[in-house]
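Chains Z and D supply the protein sequences, listed in that same order.
Convert by adding 224 to the 1-based position in the first sequence; the result is the number in this note's numbering.
Convert by adding 224 to the 1-based position in the second sequence; the result is the number in this note's numbering.
No lab work stands behind these hints: they were computed from the structure.
Worth double-checking, as some hints may not be accurate.
Identical copies carry no separate label here, and so any pair may be met within one copy or between two of them.
As the list claims (entries may be wrong) - Each computed BS3-like pair below joins lysine-lysine, with the alpha-carbon atoms no more than 30 Å apart: (1) K259 to K276; (2) K305 to K278; (3) K305 to K276; (4) K340 to K305.
There are 2 protein chains.
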Amino acid sequence: MNFQQLRIIRETVRRNFNLTEVGNALFTSQSGVSKHIKDLEEELGVELFVRKGKRLLGLTDPGKDLLVLVERMLHDAQNIKTLAEQYSQCDVGQLTVVTTHTQARYALPKVITEFKKSFPRVRLKLHQGGPQEIIDMLLGGEADIAIATEGLAEMPELALFPYYRWHHALVVPVGHPLLERTPLSLEAIADYPIITYHAGFTGRTRIDQAFADASLTPDVEMTALDADVIKTYVELGLGVGIMASMAFNPQRDEGLRLIDARHLFPENITSIGVRRGHYLRGYAYRFIELCADHLTEQVVRSASNPLGNQDAL
Amino acid sequence: MNFQQLRIIRETVRRNFNLTEVGNALFTSQSGVSKHIKDLEEELGVELFVRKGKRLLGLTDPGKDLLVLVERMLHDAQNIKTLAEQYSQCDVGQLTVVTTHTQARYALPKVITEFKKSFPRVRLKLHQGGPQEIIDMLLGGEADIAIATEGLAEMPELALFPYYRWHHALVVPVGHPLLERTPLSLEAIADYPIITYHAGFTGRTRIDQAFADASLTPDVEMTALDADVIKTYVELGLGVGIMASMAFNPQRDEGLRLIDARHLFPENITSIGVRRGHYLRGYAYRFIELCADHLTEQVVRSASNPLGNQDAL
DNA sequence: TATCCTTACGGAATTCGTAAGCATG
DNA sequence: CATGCTTACGAATTCCGTAAGGATA
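Starting from the given sequences, assemble the full structure and let the hints guide the process.
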């Protein structure tokens, strides 16, 4: 058993059991891939893949069990390398943060400016993605830190930390009748076409929930991934916008008005997530501390080690 | 990075940094060991060992951090092999149970008889050891299951399950004055020389605690590792015995009498322990089920997976 | 027929072990 | 001077990639 074999097993599953692709992905020959698989199966005395003739179709039961261990081992191998870099070049490296548009645009700029100043030699990769992509990148080890409001569900593989709380607000064009309706009600809003976030983005779930609880079926005219698009179409008069209040800028958004709506929609919590057992460089902890003072390295480490206890460092 | 290198790192620590011994232990040459260490350090760009001249003295800080990951990876490698055997030869294999004399002698015979009948092709190794040895064997992966009353402290690496409850009792020679003292009191017992278990064995802690709580200092004349020795000396008239009640056999122990003492000493709980993340063969779960009906495979698996949650199978 | 996997085989690279050299206590 | 680590170098082994062959859709 060697690491190349393990990498091949993992890659074979990822590439849908096409060994030719696996060979390309791992920069080796297809024949070698084939042989490695056979060797490993022989060594273990178990067939790992379901075959039909010469094609591979999927994992056998033992293969499925094995894959879990294989992935952990390869992840640990990565951790070892990261750990070594940590010591050899402690302020040089890379940090990948995956997040949504809303956070990237409105919450993170301050944090990132600060971080770049403190760690000029760390290459910060800010990757913008949807809920599924965020989770996949975290679990796949491609991203170190995730920041999102939705989608970061409680999973045993992830450790989540509340970052900040915020509310949705209404955005309307100057002079819109809703500006006169105080107090604002869900019923009043439901009379107009609504422009808001896509399902699964930036607290959209909470919005739907609020209307559903009030037995209202709002007319969602249009959905967008980000507040900038929402504002654009509200300004064009296509409807009223429901979006994160921090995305409104009184100076720049001259033609629009913000209406507080914290009494109508449940509070949203934007969380920071890391994968348990994923080795984080020192500066990754600094990044999290920059986001929220209370999320110290100790707090994050103890909550994110695989055993869920406090004996780490 | 390859497995041989990792094995060498681990073994180097275990063998107190004597590379010659490491070579012998891993059935390879000492020069190869030396080179592997150097290669790995070079690849990682970090010194893993503290050196004085040409001698290795200990781990550096990065070395310490690394060792944790290395051990998990090697453990996973072992798990993979065990897992494969599980499928290739599902009722053939080996099961190592480490336990104390008391359990081996009085609690387990029935379980083991039953187990051997169900799994004739599994080689059952029953290893008898003291508290420290039991823990070391579990953590080192040499034993699959531990059964003990003391010493199996709550550790994050271990999952513990209550097996059965029992009490200490008094054992005296026929015609001993304590047989007339009803109700029996700690004070009365403390008047006689006492023969009981070694510190740390078979609930000895509870016995000491009971006397201490009553502000008594008993005269512990002699200590033994097992009840058979205790009974022998009680029979010789050297003192009164305090031992596990299930170790008394009215037929065989003719010259002795048992006096119930459950009102004097706290209850003891004998536990079954497994190491989290240590892969157990199917028959290992059967063994535990034979001990206690309620400890089904599902119960044990969900409590002993490293994340401590219920999503395992 | 185009794609995909297996096997065979020669060359490349890695690993291993002996032996000699040097440091330590 | 006995023990222990490093380095050097040839031998053994393993790994890799090309190429040919057979199976599948």
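Quick rundown of the hints versus the structure:
1. K259 to K276: Result: close within a single copy only, 17 Å intra versus 45 Å inter.
2. K305 to K278: between (36 Å within a copy, 26 Å between copies)
3. K305 to K276: For K305 and K276, the Cα distance is within 30 Å only across copies (26 Å; inside one copy 38 Å).
4. K340 to K305: Answer is within: at 24 Å inside a copy they meet the 30 Å cutoff, but 46 Å across does not.
The structure meets every hint from the earlier list without exception.
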